[in-house]
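Q: Those protein sequence lines, which keep their order, are chains H and C.
Numbering of the first sequence is given in the UniProt record's numbering, commencing with residue 1 and proceeding in unit increments.
Numbering of the second sequence is given in the UniProt record's numbering, commencing with residue 1 and proceeding in unit increments.
Hints should not be assumed to be uniformly reliable.
Unchecked claim - Example chain H residues on the side facing chain C (calculated, C-beta under 10 angstroms, incomplete): (1) Phe54; (2) Leu141; (3) Leu356.
Bear in mind the hints are in silico, worked out from the structure with no lab data behind them.
Cβ atoms here follow ideal geometry from the backbone N, Cα and C, with glycine treated the same way.
There are 2 protein chains.
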Amino acid sequence: MHIDLDRNAGITLSEQIRSSIVDRIQSGLLLEGEKLPSVRNLAKCLNVSLMTVFHAYELLEQEGMIKRIQGKGTFIQGKTDRFRDRREEGPSMDWQNSVADYLPRAQYWRMMQTPLADVANLSMASLHESLIPTEWISEQLAQHAQLDHTLLTEYGPVQGDGSLREAVLPYFREKGILASPSEIMILNGSQQGIDLVASTFVGPGDTVVLEEPAYPCAIDVMRKRGATVYTIPIDAEGMQVDRLAALCDSRPPKLIYTNPTFQNPTGAVMSARRRAQLLELAQSYGSIILEDDATSDLYFGAEPPPPPIKSMDRHGHVIYLKGISKLISPGCRIGFLIANGTFITRLVSSKGISDLGSPLITQKALLPFFASSQLKKHAPLLREKLKERRDLVLRILNRSAPKGVHWNKPDGGLNIWLSLPPALNADDFHMIALQRGISFLPGHVCFPNQQLFHHLRLSFSYLDARQLEQAVMTLCSLLHDFLRSDRLSQRMMPI
Amino acid sequence: MHIDLDRNAGITLSEQIRSSIVDRIQSGLLLEGEKLPSVRNLAKCLNVSLMTVFHAYELLEQEGMIKRIQGKGTFIQGKTDRFRDRREEGPSMDWQNSVADYLPRAQYWRMMQTPLADVANLSMASLHESLIPTEWISEQLAQHAQLDHTLLTEYGPVQGDGSLREAVLPYFREKGILASPSEIMILNGSQQGIDLVASTFVGPGDTVVLEEPAYPCAIDVMRKRGATVYTIPIDAEGMQVDRLAALCDSRPPKLIYTNPTFQNPTGAVMSARRRAQLLELAQSYGSIILEDDATSDLYFGAEPPPPPIKSMDRHGHVIYLKGISKLISPGCRIGFLIANGTFITRLVSSKGISDLGSPLITQKALLPFFASSQLKKHAPLLREKLKERRDLVLRILNRSAPKGVHWNKPDGGLNIWLSLPPALNADDFHMIALQRGISFLPGHVCFPNQQLFHHLRLSFSYLDARQLEQAVMTLCSLLHDFLRSDRLSQRMMPI
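Extracted from the complex, chain H is given alone in its bound form (with noise of 0.2 angstroms):
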């Protein structure tokens, strides 16, 4: 088990110990039964002293994440293993756990864990496949396959189909990106992007700023590079910029990971005020802004939301992503990385490294995309068949939901983000609603640092709308249920 320590963190070290223990048992990566090393052992690996583990470790059995017993050594307890069995491996590999890794968290892994098959899935952020222009891709796909056999024969180059980096330049100056070809990168789905620039320029000790609440898989990324993670409070405007601000005197900041337009998970879109001042930060602190655009098509009103940060970047600090997942389709696995200067020519030589490049037919499929109307034709029906399910969600929600529980109304995107009263447990609630053939993701995932667990994210892009209605429905009702409970009336306290 390797942990990364950062000594500057203001973050004492016994603290950094549990709540790296704590992620990996909350990933599944540490499994009920599981041996940690002993206090000496994890001392000596870490180079610190006896007592910053052993303390640590009595944080850890407080909150009943781990059990000593005596003679024995520490263990992984209950109630973590939720939906896996263990692995009955046997010992003779057991060799295998004193290999350490660079792994502190997965939650994307452990989500897709959760056996959803018959389940009404509120967790993912997907669209349902009605949404989704299947038949055309498809029919491309299949064109290009039979007319191109080189797409199967040859390696792609590794920056990416050069036609499609041609054809989606339109779609970028739309947003106000004036970009060339040669600074368009494309990618397995942007969360390859999210990779590509953290192991390219973040490292261990070195200071990212994430949003709090975040997207959970770039918390994931960036605790596997060992960065100091600092984080920043979203309000209805977005990131708070100002608390940036403070914290880029003592801290200045490698990178700034932000999700600007319906930021997931809590739909909060930055204003165009604040985006003029995290750029300016970033530039006078010399950051990189790594800017993830997953939904800003997605707009539920009248007026695009503001334009992205890279529209305003004239000295290439904002390295920005473009997934088309929340789009087009997830399962061609196509991003879009745009940035300038020598960080695209480093981002390239990254990705070659990485994998030596994207399959060239699933991006061809999707040129005619962006090469033709077909876009615009597409994006304004999709959002308003997204704006018809939030509103469903919203009026199920005024008109169902128990007192108590808080939610926003986002003006675009696929999610809403859901508050219990603060002495409640989502992940509780979530094995409730899983018994009732429910999910939906647990907000605790989505905090960084320090978490927050009565926060949900539900999302209302992946059921089809009837389904959605029983599910959202159902879930009320079993609110209802959990506000109402023991628990709630023995730890309630008062907002």
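Given the coordinates of chain H, assemble chain C onto it according to the supplied hints.
A: Coordinates of chain C only, in the frame set by chain H:
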């Protein structure tokens, strides 16, 4: 510029700084005319003495790699940037130069920068389209695209399509590898496997062993992780495992990367005896073996090569990679990883973090290839055609190569490894060959540490047979001129 220094590596810090800068220059990550950090700044940044950096710069200046201009600074020197125009970004992007990255070298990307449109390509270890069952796969792709729309509407499982993981079992069983589908992961090509294994298990200062020479893109990955790389030379029986045993006592490796069968670039085959010894060493020292098997199917003798190391692995020490780019199709960008115990769990988690999973459509297209007898028909034909090509090249070399040039006779794979007289530089010869429209891989990129410059790799798989014949004949005639040139008479040493 971030440089991972290892104070226990037995290599001086100046030399580590020097070789790290050389790697960047040779990869094209530092371009002619680019300014290096001042001695003072770099020393501060790396926490070393001024003398250490000063000495490193001195070495680089002596080699003609950099130039110090009084009062202006230190700059990358000519000759190195042969293929790429310097980007004219204007001064406003200059701040980017101070952003340190974790990208010490990037050979593949560098290679892809060489404009090879009209060049007879002996540098790509890839199959000519006539050797690939393209129509068959295209047909499958088209069918799947039209039959199963969920391939485009869903994120697939992070671990890869379950039916394909099931379908490949007999293929691996024939190699002596008894895996279950849960022990197999599908990758974006095997390069992603190297990257995932490294990003999961290897970090700054961890000891990694590579063969010498080695597959260049594996070197890139390990350097990017900040590993301390040790090398073990290759002979006719593959990696010299006795030398590894000597190293293990002082520096037990965390990971040993090997290409045991038709090694890239030398074509060497590790004997069954050494395979067993290597596994035994890994067991004794708690090391991971990363066995990269790109070409074991491509044997030219009557009998297949010794079974993979993985087939003997009882305790989960071996992580096995099988790319299909050199067997079926590079364009599908698919590879397989096999691992056991917690290793597979951790690696799947890591894959989720890096890209949320690979596209399903290309996986489905390969499914019938493994599920039917197609592979059984394809492989023997491919072997036969590659053997013909190898024989053709050997015939020409035997007949026409100048004295002083040596080469191996590979029993499989795609490459022939040539050695010039040691005083000659294959990089210089590559410049000449490119002018005559022929490319190959200069061998020095295959050396992880101390580079040798008199080797080169010829791939006989990528050109059509007639072009291949012509290119190798021209190359031989160019070699005659090159060996006769002044350079040689002045500098050649007795072998």
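Q: Now look at each hint and say whether the structure bears it out.
A: Verification of the supplied hints:
no., hint, verdict
1, Phe54, "25 angstroms, violated"
2, Leu141, "4 angstroms, holds"
3, Leu356, "5 angstroms, holds"
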